[in-house]
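*Asks:* Each chain, letter by letter, is given below.
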Amino acid sequence: MTRLGRTWLGIALLAGTFCAPARAAERPTSLDGVLQSRCMECHDKQTQKGGLDLSALTLADLGDKATFDQWVKVHDRVNAGEMPPAAKAQPPQAERDALIKTLGGILSAADRKRQRESGRVPLRRMNRVEYENTMRDLFSLPGLEIKDRLPADGRVAGFDKVSTALDISAVQMRKYLEAADHVLDSAIVHQDKPTVFRHRFRLIGGLSQFGNDSFPMKEKKVQTDVLRLLHDPEKPGKDLHLKDRGPYLEAMDSLGFIYRPLYDRFVGNFSPLHTGYYRIRTSVWSFNLNRGEVAPGTRTQPFSLVANGRRLGYLDAPSLKPTAYDLVVWLNAGDRPELLPAGLWENRSDPSLFKYVGEAVAVDYVDVEGPLHDVWPPASHRRLFGSLPLAMIPVEKGRATPPVPPPATRHPGSRPNHQDGKEFDKRQPVWTAASPRPKEDAARLLADFLRRAFRRPVPPDEVAVYAKIAHDRIDAGDFFETAMRAAYRVALCSPDFLFLQEPAGTIATDPTILDSYAVASRLSYFLWNSMPDDVLSGLAQKNQLNGKTLMEQVDRMLDDPRSDRFVNDFLDQWLHLRDIDFTSPDGALYPEFRTELRDAMLAESRAYFRELLKNDLGVAHFVDSDFLTINQRLAELYGIPNVVGSAIRRIPKPPDCHRGGFLTQAAVLKVTANGTTTSPVQRGYWVMDRLLGRPPRPPPPDLPAIDPDLNGTTTIREQLARHRANPACAGCHATMDPPGFALESFDVIGGWRTRYRNLGEKGEAPTPSEMLGFPGNGNFEKQIRFRHGLPVDASGQTADGKAFKDVDELRRILLADEESLARNFVERLVLYSTGAPVSFADRAQVEQILKSGRDGRYGVRTLIRGVIRSQLFGRK
Amino acid sequence: MHRSTVRPPVMNRRTFLRGAGVSMALPLLDAMTPARLLAAEEAARVPRRMVAIQTAQGIMPHLFFPEKGGREYELSPYLKLIEPLRNDFTVFSGMSHPGVDGGHSNERSFLTGAPHPAGGAFRNTISLDQAIAEHIGHLTRIPSLVLAPGSGGGSMSYTASGVQIPGEQSTSALYRRLFVQGSPAEIEARVQDLRSGRSLLDTVGERAGRLQKTVGNADRHRLDQYFTSIRELEVQMAQAQAWERKPKPVVTMPEPKDITDQAYVIDRLRSTLDIVKLALETDSTRVVSLFFQPLGTLRIEGVSHETHSLTHHGNRAEMVDELRRIEEAQWQVIRGFLGGLQETRESGDRLLDRTAVVYGTCMGNANGHTNKNWPMLLAGGGFRHGQHLAFDKVQNMPIANLYVSVLQRLGLPVDRFASSTGTLRGLEMA
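The listed protein sequences correspond, in order, to chains Y and X.
For what it's worth, the working numbering labels the leading residue of the first sequence as 1, then goes sequentially.
For what it's worth, the working numbering labels the leading residue of the second sequence as 1001, then goes sequentially.
One or more of the hints may lead you astray.
The list that follows gives simulated cross-link-like pairs (lysine to aspartate or glutamate, DMTMM-like), each with its CA atoms no further than 25 Å apart [what the hints assert, rightly or not]: (1) K762/Y to E1318/X; (2) K1213/X to D461/Y; (3) K113/Y to D534/Y; (4) K175/Y to D1224/X; (5) K397/Y to D1193/X; (6) K321/Y to E293/Y; (7) K439/Y to D1193/X; (8) K468/Y to D1321/X; (9) K782/Y to E770/Y; (10) K147/Y to D181/Y; (11) K782/Y to D1321/X; (12) K1213/X to E462/Y; (13) K422/Y to D599/Y; (14) K175/Y to E1301/X; (15) K397/Y to E1318/X; (16) K614/Y to D599/Y; (17) K175/Y to E1232/X; (18) K175/Y to D1202/X; (19) K1213/X to D515/Y; (20) K65/Y to E1301/X; (21) K439/Y to E1206/X; (22) K175/Y to E1206/X; (23) K113/Y to D1224/X; (24) K1080/X to E1318/X; (25) K782/Y to E1301/X; (26) K548/Y to D534/Y; (27) K468/Y to E1206/X; (28) K762/Y to D1349/X; (29) K218/Y to D364/Y.
Derived by calculation from the structure, the hints in this document are not laboratory data.
For reference, chain Y alone in the conformation it holds in the complex (with noise of 0.2 Å):
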């Protein structure tokens, strides 16, 4: 800045500051009226109550965000009636009333002028979860895995979905390019259409472990006389040898297990060579184990089969009855499948096979056959190279062909291997995509390639950069293949692919109107995570996006299994489910949990918020319900009988059972503890941000925490209570807490409790049918050492003074607010299906939203179709 500048300035802050009535000419005297008789009191330049300083702040500049952002604060806390505070003197409703008018006109008036200028949205890159599946959907490789390539993603209120917070940076590009080398990597085949590999494999885990905690059996009988070959316990150091091993598991009709492992339970040496789709067949049953006998099982006992971390799916293995399955499921190359017991305790005692009492399962047999391709090459090619065949590059010396990818790194020693399959050659051809006419294919199939790619029509101009790049490349000599990849290489870094376009129309009156690729972009991006299909593609040409086929297609994406994407994605950003392994809980205090438990939580929710979308109940679900969505693990930890299973299936709630909607469920229950303890705080704080979207303000900086107490001599009650008695503290905490304190009956993992588990000596210690199939020899004094202490107190007081006893009663008084659960959750779809937030002039939108579901009690699907037919949804 200039001397002169300078000076400038200074003698503008001189004015603002000995002449405040010339500042404050520029509001309405009506407006100026009130503020100077009612506020300025508190708000003035010398006491600046609360650092508001009404004399500074000025209508004049509400394009600068600080100064609208107060403005909008001084309205929103008159409005509430929090302003004047109540000890003071209340202004008559008509003078309340005129100044929210005159001052939330000129608001709304100044945030619609600045949308006009520049959209409520500016152009918005995708996120790393739209970008995996924008790959998947393109190239129809549904288990490719790119998103924890890239960098993660900046969020605002919890969601990644805001335009503002997805920036963009060299580590960002960087990361682009190697992702796009990575999916090309995936979706190009160079070799001629693989072998099927079919094999039956009879060993789960290490061959080390046969005869420890998994053994072989016969006609349903444990094979005692192996094992003692394998394995005896008496004989210390006489086992028989690894390589000695193989016959007697051939020999075997099924492998046993007693214990959940401490290390992988790898299906054989399996690990495909191969990317694609495979057929898993296998047959699973459960028993109980006493000394060597085999008697009926306790319950229903839970496989799960994972792969690289992936859960593929569940599978029930019931008492005594050999139950078989047949899965498809998508496989990476250097995948290592894992069929794991997932329902048993780890072995923590290790009581030898014979003296094990308890819990155990067994698999006949899994026979793995893949990758399996009803066309090559395969539609991820295809999309690249059209029908344009693979021409083999025999092996010679000296002979080029285009860069392969180097194959996966698979573990030593897996099948497939050079039994298995000319692919193990030494020496291998290379097939490559053939044209006989390379420029004009290269035309041909980037025109359509981008068409999709960029999700919108492309102009021949547009294709034209795009083609030179492979016409380039052909001219220098390159092969077909490796000039096409240059270009499409390009098309994936290319702003056109990584931010969501969404030009205004060509509707004169209305330029904000988006055009219709754009609405089918945000349909899909808003029900699908993901680009548009052909369908939507098809009407978006069309021009027929709106009213009544809108509607329809808003219907047809809900009932598309895509959508489990918005269900997973909304959930994971709204609830916080996506924090559900922030913390892992306390093994002493919480032995019980597994990952076949955690893994229900979030099916839990995901089946809810699904029900409420199929049938359009209302919103006052979020907190109340009277069916569950649950499985037989879920069951066991609600104490609600006869659901027998892994899948996730609606019951109606029983009497007594103090369950229903989101707040009680194990999912929500969870994320809202740490490992160990609860916090009535943070839970609390989770149900006025997260369902009621009143967030309280953060605490004053550098007020001490709470410790929290593992011996059992206090609550966190009597501890909050301490802290609440500190008056900085205890305005806040007011409103915070109580919703916290009835979900004390609640646990870390989200079990019922009427007294708090501790670590110390104090209160009872827990019986073994508490700890569901805990082995029956498998010292449980010594193993379980958590005691039940205090008792829970759930009872608490709202803010504005309704008692509660627990949470019920809690229940009760939230549903009285149906109207801010549905605002809060019209907010949140906004934001997540806009790119931007709610702002000042959006808000008679939402209003407008809402009226529209009064009537049906705010159906969910009614607000969701409400948003996406209103003006936030369709305009820039």
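Starting from the structure of chain Y, add chain X where the hints point.
*Replies:* Relative to the frame of chain Y, chain X by itself:
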């Protein structure tokens, strides 16, 4: 918004490359033959380096802070563990980043000082290591190393636009990047790859330019960011391409095996720092940021609980004792690293004297997640050490002042960084 006054040097690719031919230093090793010695003026310039290490789960303050200030202070239990280095470090108390008040979120602001990292609209600013790398990164093969050997990876390095730079977790990958050259064909392939990457950037840049003409103001701002990223990446690739054909230093240490068991994460820290020392010694890089999370149940004698729950120890003696074992194990590693830099010589100087090592944590007391009085320490780097600089425990000294002192010691023409109010009072150059 706080802005760093550190600005990237203005340079386009061509001027950069012209300069690069002259000024790019080959790895400088005492063991190298005289024939490899560079021009006299280049050799005369003393290479200065910076390593910043953050351990994210806190350091128990009662075991870290000495009681008295000044040169005559008595070593605290933790500082006793690095006693042989007493005259090579300065311990600080009463320091924090003003406004950095987000509990665990503070870890993101450790090197940036950006306020309110837990806020809904938080946006980070450039980290100290990246600010340094913008000035001296081009002098070495690797402009800066961003490492995260702890559980769960992460990183504390951020670009000027506040984007997190992912940290390297694998020690073997780090080793290969620094010391494994590859065959001539592999080198040629990488050069080709960089070349085609750069031509790709040209094309998408043009495309973004055309797009920019058709969009509104707010959109244009987002596209500007895209342009900047392309230009920065272009420079980085040009730099990498220039280095690709130059031989990598040969070291006697074999490629380490990755430690994948999270229970041994502190061993991975040690293994990573062994390589860092080699990287500094071979002048492969001069800037390192290392973010460390010791989470999980660690395999350390006497430790049976998960680290994070131990940090919420509630002052119960047995929990404090377990946590102390975990923290002591880390101090042992730091001692080994600093000791190694002490013993290594570079043209007569101790490597430690040319390497400023910042070590600390983002919370005053993890038990209560407090935001004041961060345990911080500076070793080496050419300062007059051997003292405890005790600042006001209530009105804390901005940590950014320490960063400005470090920046200046590295010869950077900078007098402000993040929330700094000057250089650090009482810390003098040696």
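*Asks:* Against this structure, judge whether each hint is valid.
*Replies:* Consistency of the hints with the structure:
no.: 1; hint: K762/Y to E1318/X; result: holds (17 Å)
no.: 2; hint: K1213/X to D461/Y; result: holds (16 Å)
no.: 3; hint: K113/Y to D534/Y; result: violated (36 Å)
no.: 4; hint: K175/Y to D1224/X; result: holds (19 Å)
no.: 5; hint: K397/Y to D1193/X; result: holds (24 Å)
no.: 6; hint: K321/Y to E293/Y; result: holds (17 Å)
no.: 7; hint: K439/Y to D1193/X; result: holds (23 Å)
no.: 8; hint: K468/Y to D1321/X; result: violated (68 Å)
no.: 9; hint: K782/Y to E770/Y; result: holds (15 Å)
no.: 10; hint: K147/Y to D181/Y; result: holds (14 Å)
no.: 11; hint: K782/Y to D1321/X; result: holds (23 Å)
no.: 12; hint: K1213/X to E462/Y; result: holds (15 Å)
no.: 13; hint: K422/Y to D599/Y; result: violated (40 Å)
no.: 14; hint: K175/Y to E1301/X; result: violated (40 Å)
no.: 15; hint: K397/Y to E1318/X; result: violated (69 Å)
no.: 16; hint: K614/Y to D599/Y; result: holds (22 Å)
no.: 17; hint: K175/Y to E1232/X; result: holds (13 Å)
no.: 18; hint: K175/Y to D1202/X; result: holds (17 Å)
no.: 19; hint: K1213/X to D515/Y; result: holds (18 Å)
no.: 20; hint: K65/Y to E1301/X; result: violated (55 Å)
no.: 21; hint: K439/Y to E1206/X; result: holds (23 Å)
no.: 22; hint: K175/Y to E1206/X; result: holds (20 Å)
no.: 23; hint: K113/Y to D1224/X; result: holds (23 Å)
no.: 24; hint: K1080/X to E1318/X; result: holds (22 Å)
no.: 25; hint: K782/Y to E1301/X; result: holds (21 Å)
no.: 26; hint: K548/Y to D534/Y; result: holds (19 Å)
no.: 27; hint: K468/Y to E1206/X; result: holds (14 Å)
no.: 28; hint: K762/Y to D1349/X; result: violated (61 Å)
no.: 29; hint: K218/Y to D364/Y; result: holds (10 Å)
The structure does not agree with the numbered hints 3, 8, 13, 14, 15, 20, 28 stated previously, though it agrees with the rest.
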